[in-house]
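Chains as they are written, first to last, in the working numbering: chain R, 1 to 102; chain E, 1 to 174.
These are calculated hints, taken from the structure and not from any lab test. The C-beta atom is built at its ideal place from N, Cα and C for all residues, glycine as well. Do not rely on the hints blindly, as some may be mistaken.
What the hints assert, rightly or not - Output of the computed footprint for chain E on chain R, the stretches with three or more beta carbons under 8 angstroms from beta carbons of chain E:
| hint | region |
| --- | --- |
| 1 | 16-29 |
| 2 | 66-79 |
What the hints assert, rightly or not - Here are the in silico distance ranges between beta carbons for each label pair:
| hint | chain 1 | residue 1 | chain 2 | residue 2 | range |
| --- | --- | --- | --- | --- | --- |
| 3 | E | GLY63 | R | TRP55 | 45 to 53 angstroms |
| 4 | R | VAL94 | E | PRO145 | 14 to 22 angstroms |
| 5 | R | VAL94 | E | VAL158 | 32 to 40 angstroms |
| 6 | E | GLU3 | R | TRP55 | 32 to 40 angstroms |
| 7 | E | ALA6 | R | VAL67 | 20 to 28 angstroms |
| 8 | E | PRO51 | R | TRP55 | 26 to 34 angstroms |
| 9 | R | VAL67 | E | ALA104 | 38 to 46 angstroms |
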Amino acid sequence: MTGVPLAWYLGLSGGLFALGLLGVMIRRNPLLLLLAIELMLNAANVALIGFSRYWNITDGHVFALVVMVVAASEVVVGLGLVVAVFRARLALDVDQMSSLKG
Amino acid sequence: MGERIAFAVAGLAALGSGGLVITLRSPFQAAVALIVSLFSVAVLFLLMAAPFVAAIQVIVYAGAIVVLFLFVIAYLGDRGVMGAPDRLARYRGLAVLGVLALVAQGGLLLATIDLPGFADDPRPTDDIGSPEAVGRSFIDHYIVPFEATSLLLLVAAVGAVLLAKKAVQAEGGR
């Protein structure tokens, strides 16, 4: 009764991922979509670190750090797109951004 | 016992602020809620013997990425949330249903999974989360992914510059 079992961490990770997925599906603002994607990436990191703890190896930490790099790149490009759409005087709505070109 | 209490507090904070991230109308408030969620997850990383990843989580995620978000939100101003009619609003119930189905499947998987010690107290760990251990793992086993991340960051930076340039040109600037 001292430590936290792996199952709890996986349950929490699944809950966070479900929240992020729901956010991506019900929100239309691209900024909020990116925030929800961050939530999902974090849920994956919790699972990775949890398994790392379970197997007593460092590999999960390495994967989590790589996931963070991917998240940073994704935010840079995503926010660049959002700003480009904003400066082109278009509405910030992913439904109306469905035919981006050039 | 203390570890479990810390897990409960941080986990509930992460889930609660995660719910706020996807329900709050204003992107600014949602970003602040995301900071709370990221800090709670950092606490969980500390509980999982991953102090280095927890530090990176706070410095890079909450410190850099979300601040970038806040800058862009401040730049876009209130126009960021335009009240365009949501053409897919009637499918929202289906989205909730789909996510609930996924959660049910995950719960079933957790209930039936067959790993030794899966729901028991974890075994004590060696030194797996210190900067030294993570650095050794990177250099000894994962040197190629490590170099690949630098390429990824370069491509992302170039892409962002190109996007910004195009946006400026579209406005008649250089």
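(request) Report the numbers of all earlier hints that the structure fails to satisfy, in ascending order. (result) Failing hints, ascending: 3, 4, 5, 6, 8, 9.
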